[in-house]
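Peer 1: Below, each chain spelled out in residue letters.
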Amino acid sequence: DTGVSQDPRHKITKRGQNVTFRCDPISEHNRLYWYRQTLGQGPEFLTYFQNEAQLEKSRLLSDRFSAERPKGSFSTLEIQRTEQGDSAMYLCASSNYRGGNTEAFFGQGTRLTVV
Amino acid sequence: GQNIDQPTEMTATEGAIVQINCTYQTSGFNGLFWYQQHAGEAPTFLSYNVLDGLEEKGRFSSFLSRSKGYSYLLLKELQMKDSASYLCAAWGNQAGTALIFGKGTTLSVSS
Chain R
1 DTGVSQDPRH KITKRGQNVT FRCDPISEHN RLYWYRQTLG QGPEFLTYFQ
51 NEAQLEKSRL LSDRFSAERP KGSFSTLEIQ RTEQGDSAMY LCASSNYRGG
101 NTEAFFGQGT RLTVV
Chain B
116 GQNIDQPTEM TATEGAIVQI NCTYQTSGFN GLFWYQQHAG EAPTFLSYNV
166 LDGLEEKGRF SSFLSRSKGY SYLLLKELQM KDSASYLCAA WGNQAGTALI
216 FGKGTTLSVS S
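Read top to bottom, the protein sequences are chains R and B.
Numbering of the first sequence is given in my numbering, commencing with residue 1 and proceeding in unit increments.
Numbering of the second sequence is given in my numbering, commencing with residue 116 and proceeding in unit increments.
When the alpha-carbon atoms are kept at most 25 Å apart in a straight line, the in silico SDA-like pairs for lysine to any residue are as follows:
1) B:Lys-218 <-> R:Gln-84
2) R:Lys-57 <-> B:Ile-215
3) R:Lys-57 <-> R:Glu-44
What follows is a set of in silico ranges between Cβ atoms, one per label pair, in the way DEER data are often shown:
4) R:Ile-12 <-> B:Thr-159: 23 to 33 Å
5) R:Ala-53 <-> B:Ser-226: 42 to 52 Å
6) R:Phe-74 <-> B:Val-165: 28 to 38 Å
7) R:Asn-18 <-> B:Leu-169: 47 to 57 Å
The set of hints was computed from the structure by calculation and includes no laboratory data.
These figures come from a predicted structure and were not determined experimentally.
Glycine included, each C-beta is placed from N, C-alpha and C at the ideal position.
Construct all of the structure, not just a fragment, from the sequences and the given hints.
Peer 2: Shown next, in the form of structure tokens:
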């Protein structure tokens with residue numbers, strides 16, 4: 001396994017368009033997290049899944065954002081009607097939760113630019 | 116509430132030692148992490164402390180005091196490649212639902 005992978009690495013879109021990002025976690029990891037990071041800031045938590053269940057969503061996650069992990073493996077994050085303020089790096093991470101917390105491993109991120 | 120504070124920027128010279136401090140407030144506690152992030156790259160895991168004390172790993176060490184809500188990352192024998200952002204993070208509550216990050220400390224190492 002080569003780690004967490006995200007696709008695409010870069011996305012430029014026009015304001016108002018919809019975009020979808022994909023994340024493939026480390027195969028044995030049951031937890032998958034989405035974060036957003038802007039320049040000079042730490043990653044901000046958006047949402048996370050344990051297997052296929054979405055267990056928590058941040059208040060940062062507006063109605064335009066939706067995430068799925070239908071089979072408990074890969075996940076998608078969709079942003080509808082993109083706005084310039086959505087421009088950021090979207091990071092995915094995964095961890096292996098077995099009743100105790102271990103480190104989360106991050107993918108390389110998808111950099112979104114809304115023009 | 117949940118809050119993680121760390122200095123915004125630090126500078127140091129090659130070969131020196133630098134200590135990056137972090138204070139945290141979380142509704143529960145289930146471990147404190149340090150990540151390194153180079154510009155344009157993903158964060159990479161450095162260390163994890165769940166008990167009080169110092170954890171040493173090569174040139175990097177991390178310290179935790181749960182009673183004080185305080186941690187630090189100690190970098191020894193600094194190298195130019197250590198120039199990066201260092202992120203302090205903690206799980207949000209006892210169930211560890213989400214890793215909450217500080218804003219990061221940008222370390223610049225000069226020759």
